[in-house]
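J.: Each protein sequence line maps, in turn, to chains E and L. If you're matching positions, the first sequence starts at 1 in the numbering used here and goes up one per residue. If you're matching positions, the second sequence starts at 1 in the numbering used here and goes up one per residue.
Errors might be hidden in some of the hints.
As the list claims (entries may be wrong) - Per the computed footprint, the stretches of chain E lying under chain L, defined by three or more beta-carbons under 8 angstroms from a beta-carbon of chain L, are:
(1) 23 to 34
(2) 54 to 64
To be verified - Quick list of the computed label-pair ranges, beta carbon to beta carbon:
(3) L:L108 <-> E:T29: 49 to 59 angstroms
(4) E:S17 <-> L:D467: 25 to 35 angstroms
(5) L:F472 <-> E:P3: 29 to 39 angstroms
(6) L:L334 <-> E:K4: 34 to 44 angstroms
(7) E:G101 <-> L:G725: 40 to 50 angstroms
I should point out that these hints are in silico values taken from the structure, not numbers from a laboratory. A virtual CB, placed ideally from N, CA and C, is assigned to each residue, including glycine.
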Amino acid sequence: MKPKLIIAIVAIIGFTSLLMYNFGESISTYTTFEDAKTMTNAHVAGTLDDTQDYGFSMETKQFSFYMKDEAGKAHRVIFPKPKPNNFEEADRLVVIGEMRGDVFYARDMLMKCPSKYNTVDPSQFTSVENS
Amino acid sequence: MIGIIGKVLISLSFVTGLGAGVLYFISAKNDDDKTLKIGNWLTGIQGLFLISASAMLVYLLFTHQFQYYYVFNYTSLDLPNKYLWSAFYGGQEGSFMLWIFFSWFFSLGLMKWVRAPYKAPVLFFLMLTQVFLLSMILGWHFGDISIGASPFRTIAEEMPNAPFIQANPNFVPADGSGLNDLLKSPWMMIHPPILFVGFAMMTIPYCFAMAALWKRKYNEWVNPALPWTLGANVALLTAIFLGGYWAYVTLSFGGFWAWDPVENASLVPWLFGTAGIHTMIIQRKSSIAQKSSLILAILAYVAIVYETFLTRSGILSDSSVHSFVDLGLYGQLLIFMIVITGLGLGMFFWRYKELPTQQKESKFLSREFMTFTGAVLLLILGLVIIFGTSSPIIGLLFNERPTPPEMSFYNTWSMPLVIIMALFTVVGQFLFWKRHSAKSLVSALTYPIIIALTATVASVVFGDVRDPYYMFYLFAGWFAVIGNGWIMIRLILDNPLLIGGTVTHIGFGTLLIGILASSAFNTPLLDKKTADYNKQVKAGLITDEQGFKVTDPITMLNLDLDEPTLINNQYIVTYQGYELDDRVRPGQQTYKILFEPINGDKPFYLNAEVYPMLATATEGNLQWSVDPDVHTGLFRDIYLYVAGSSYVTQRNNSMERKAGKQKSAADGADVPPTQTIKFSKGSIVSVDGFEMNFLDYAMEDTTNLPPNTTIGVRAQIEFKHIASGERFLLEPLFALYNEEGKTFVFSPPVELDKYGLSFSFSKVYPETNEIDVEITGLTEEYQSEWVLIVAEHKPFISVVWLGTFLIMIGFSISIFRHWNRERKVK
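With the sequences and hints as input, model every part of the structure.
T.: In structure tokens, the structure reads:
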């Protein structure tokens, strides 16, 4: 084999494994509140529990609500931003953050809205991350 | 009836398209001109059928025929005409029609301009795409198998099991469910058509590459393909820009790019197309890189089809929060993708052995090597992004329910790649126009390097950049701007038509600088109290009620009506009330927030909007959407949205009360029987489900009053019951009279029996145009007006747009040049 070809193959393998490794690090798995207790960057999926009060507090400038995770357990979630657009409409919520005691502190929240509103644009899916 | 005609027209369009495709295939196989001509006629007829079907759909939309599911789902009676047009491509079916239309339109151009031997095979492959796309909107059913989802299907066909359809098969809803309010934006009207122009044009390089492989003519095809590829890239970039701008100004994302799968879907083909442009240019100049040009032209279109598959098939919906409406087209989209990819790669590898190979390797310091490297880097960047976007599939290797990668994944990988790209653009451009040895290159680059270093140091100092990686990145950006600018100036003196490439590269460098400056240096605008609180949070001094350390700073600011607040030591900000407007979005409030720079610059207003999402409102539950406002400046934008207000809170409270949801009984208990509320002229007071607007004074004729009256004035107050929309004009009187040397106020109450309220006008503040009105009978305590805002400084967003524009201009200049040359060949 030509040395150039070997270099190229090594480079490609090196690049791909680095990419795979980094990719594996940066994705995570959807989980429940129970499992999130041991994680610092948990993605918990669930639905809004609207039998309990939710709303934005003017004093602490936080939005808080109860979310039922996929195991059916509801926990309070605190989100340090205003209530996002389309919040109630979402048929699935994903909160990203960590558990502290019984409360989940979300850094970011993703909402999936009913497909009726889906179009060619990202409007149906609002990330509230300010960046 | 119209629906059936529409369906028939689409079917006819599909069949004639199929016929044209077969004829093109025969013509390409036998080099027969006669079949080609018949094929062209069929294509023309196919387009006419499609246009007629589109006209039918437009007619249905404009006449509000809600028995059709598409009309019902995307429009409503109150939708302005311009948005009825956007509803046409608001759903999947209509957007397919738009895509086919543009594809067909460009096929007319190809009929005119493409020469043999490419003509017939190019038209064949273009028709192949159109036939596939047409099959997505056929709406044919054979037993359990259905092909396509017709835009003309009725509600009864869509939901045959719904109870109201079972009861009455001819049920026609009185109103549609309306277009998503977020899409009611002028940007959203033009974004999709331009995107589909890009999609349709990006098919053309694929067609040329396939024709070249079929006809074994591997060299000449790049000449005609180049301007089309450039055109596709300009269209895609414009669409990406419009999407980003829309996300910035109408969504509260807070940014223009979020590595969203849908955004990536339009970026990857652009990157592959740009890579293809690079190899096509060196193929044209030096007759090398035929393989790369072919494969990149194929991949650019494959990327479009693959991302179309990802975003439209619903495959993202289970494992990710992302999805599009699933029309059950999974199988068809999969076949489309497999056929396009399989044909493309299959043909390529079938012919691979006989494709021209480069005899002599290019030197490292040659334009061929540099340009080729640029293409490879673009390709790698595109592959990394595809990799991340495919997380629902690839992530399965890591766990069962993978989430999308974090944004940092994309940033980590794209940053080094774009740095190398930026450096290579300059070296490449220097070598492109002149041969250089290593030594002469270094001396030629000395001045650009010095200037770029100076600019980098200046921006590092100015922007207080601490991270060495960012410094290097900034240098790469400046180097691209200055190095390419250097070449551009020389080219302008020589032949201005040649500057396309340098302008594009300058735009690229500008974009890099703009991206860093705008995303790394966002600062929230806060008052001193909040800023101090945030400092304490940062120092870890604040704990919450659970005893945990608070880690998130507050990024919001509360403003009371007419109370100036100093923020960031830069602006005096005053909330001056809001206006209600029902014209575009019923119930929309436009908040007036005045910014007065303390350095004496011109004051300006930010008018952020909040509106109820009526399309999804239920009894007792109203959702509010925000529309930010941006004050654009040369160096920085001020971005602001209203996150809450007293008006919204009151509307919510009264909704809840009506629905009997209010839980705390204490709320109603402490309401004083009579409240004194201050009105200022022109601003609305909202309390207890009523809105009152103090319009003006009306002078009272004092002759009707007792003789000792010194002054008599009435206030005209427009009173509105929000729920019913009922309005009254109230004119309570305020009079002063003298008796025995003393002044007395006479303010007889005005009764509004219907709501059990009485009003008396008790005080005037002449200097501020404000009055006090005492209101008896309200069941809710009036709270002073406030608004909660999120405001940010976004520096140098304008630089991002500038970079984007420069890239567009550069590409356009190149289109002009290559197109001119192509025309002269004839």
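J.: Could you run down the list of hints and mark each one as holding or not?
T.: Status of each hint after checking the structure:
Requiring three or more residues with a Cβ within less than 8 angstroms of a Cβ of chain L, the coverage given for the stretch 23 to 34 of chain E holds, as 7 such residues are present. Given as covered by chain L, the stretch 54 to 64 of chain E passes the check, having 4 residues with a CB less than 8 angstroms from a CB of that chain where 3 are the minimum. At about 51 angstroms, the CB distance of L:L108 to E:T29 agrees with the hint of 49 to 59 angstroms. The hint said 25 to 35 angstroms for the Cβ distance between E:S17 and L:D467, and at roughly 27 angstroms that hint holds.
Separated by about 31 angstroms at the C-beta atoms, L:F472 and E:P3 satisfy the suggested range of 29 to 39 angstroms. Restraint check, L:L334 to E:K4: a C-beta distance of roughly 38 angstroms satisfies the suggested window 34 to 44 angstroms. Taking 40 to 50 angstroms as the suggested C-beta distance range, the pair E:G101 and L:G725 conforms, at roughly 48 angstroms.
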